[in-house]
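Asks: Going line by line, the protein sequences match chains E and B. Under the working numbering, the final residue of the first sequence carries the number 316; numbering is consecutive throughout. Under the working numbering, the final residue of the second sequence carries the number 307; numbering is consecutive throughout.
Source of the hints: derived by calculation from the structure; they are not laboratory data. No residue lacks a Cβ here, since even glycine has one placed at the ideal position from N, Cα and C. Please note: incorrect hints may appear among the correct ones.
Per the computed footprint, the stretches of chain E lying under chain B, defined by three or more beta-carbons under 8 angstroms from a beta-carbon of chain B, are [stated by the list, open to error]:
1. 41–50
2. 81–92
3. 163–174
4. 187–198
5. 271–278
6. 289–300
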Amino acid sequence: MKKTIQERYKLKWFELFLAPALILYTIFWAVPILSTLSFSFTNWSGITPLSQADFVGLKNFKQMTTDPIFIQSLKNNFQYGIVMVLVVPPLSFMIAYLLDTHVPFKKFFGVLAYIPAILPSVVVMLLWRWILNAQYGLVNTLLRAAGLDKFAIGWLSNVETALWAVTFVSIWKTIPVYMILALAGLQQIPVEYKEAAIIDGANEWQRIIHVIIPSMRGVFYTIFTLIIIDVFRVFELVYIMTEGGPGYYSTEMLLTYMYKTSFSSYMAGYGSAIAATTIIIVLFITALNMKLSAKYDEE
Amino acid sequence: MKRLIGRILIALFLIILSILTLGPLVWTVMSSFKTSGELMLQPYSIPAKLQWKNYADAWRLGNFSTYFINSIIVTFISLLLMISVSSLAAFGLSHYKTRFNHPTLLYILFGQMISAAMVIFPLVIILQKMNLTDSYIGISLVYAAGGIPFSVFVLSNFFKTIPQGLFEAAQLDGCSEIKKFISIALPLIKSGLATVFLYQFLWVWNEFTIGFTLIRSSSMRTLPVGLYTAVFGVLQTNYVVAFAGTVMVSIPTFIIYLVFQKHLVKGMLAGSIKA
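Start from the sequences and build out the full structure, keeping to the hints where you can.
Replies: As structure tokens, then:
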């Protein structure tokens, strides 16, 4: 009997402490997530009352498979993602390693190196739009000065280069985040490991490959998971740099296309289906990740 | 010899890295102090004379004075709400063991994976229904809600480090649950609060998607939204003033970052490694 009283007491306080956060979170975050998922089964325009919309089952999802713009966005999103996954982790690790082992004032440089990550996306896009500007941009001025006039093109206005330019800016803004994560990982490696390898006569490369990278497996795993999730969430930077253009949706991503269909084309049902697709992908990756890391912890 | 080459390569790498990271920023700050003519003719020179006028113009012409006030109000309300409800929830989750702990944590954490763009359409509809469109409180409620998953997660990890003995002793002294939270637990997780504050300040202050979509009237715009519209509007051809605006938007971000930067790694370790 005493136990149940105590348990009830605990439960009462648990509820009281959690209620404010749960109410706020449910109304303004969880309900929107569920709404996105449920709108995706309707043909709602987004401007007429929702009650006038019809339930259309999986029609929107079927429509995606034959929508050339959606397929283009998916392709762009994949190309962007593959480059991010291939470039960001190794570069972040390299910079973190050099900072950790070969740089004086490493704290100071660490603080500096993180700056791109703290800047508002709007500021980053302004900066880079200007730097990549065809006529006055920093990049093209340097190219012309070096006599490479034919390479001085409008990086963001050229169909061939826009996606690469956007990817580059994203890398620029993302690397500091993972660099700090890698740095934290590096500093968690017990010094004895490194010392033992030195005593064994291993040179720096051997130490990196046989000692440091293997002992940072967990960190790399986290870095890859976070990047993959982020790839499907890409929106802001692309939307404000190119709005998905130039030309035929050359930098369109899943969520920028979703934004246009939901707000400009008045196809809220279809837009929600695209958003729902990204939500499902991201949650799937997260669930998989939780399963795998639980397994990893057991080993 | 090999050592020397190695050192030169590393130095070179770091120089390139610094130029790539800081170059664009230094150049933006320099440009913000130039005249338009100077920017066109000598884009890479040091400004001949500091044109503070650009900043005054941005403040008035670009309407940054209004945007600044809006951003301060929205950031203040959101963070206050977010951090209060999150620390309560985090304490509840780490202090009372019930059968609902795990499902509740999962329910809160799944929101962490969702980005603003994924839910932006329903958010517009919900705020319309609640008559909160274009209000400080409406947008702040959304920011507060969106920040709950990360905040609760980080804070509950900090609360877990408090030895249970402290609470048991307080219990014997007849300390109430609220008092346990306010006078024992909270003071012990100051560093967790600082971590959450740093990350969430950066998020709310810099946030574009939600602000851009939910704010309709120009007098309610926050700084990132105001900067964006100004650059494609009144300041379209006035680059130097746009640069001054850019610098102004970033200054608070820098200050908060520099003051709280030692909490950066803590947040990352607490918030992401096991997320």
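Asks: Next, verify each hint and record whether it holds.
Replies: Hints versus structure:
1. 41–50: holds (count 9)
2. 81–92: violated (count 0)
3. 163–174: violated (count 0)
4. 187–198: holds (count 5)
5. 271–278: With 3 residues in contact (Cβ-Cβ under 8 angstroms with chain B), the coverage given for the stretch 271–278 of chain E holds.
6. 289–300: holds (count 6)
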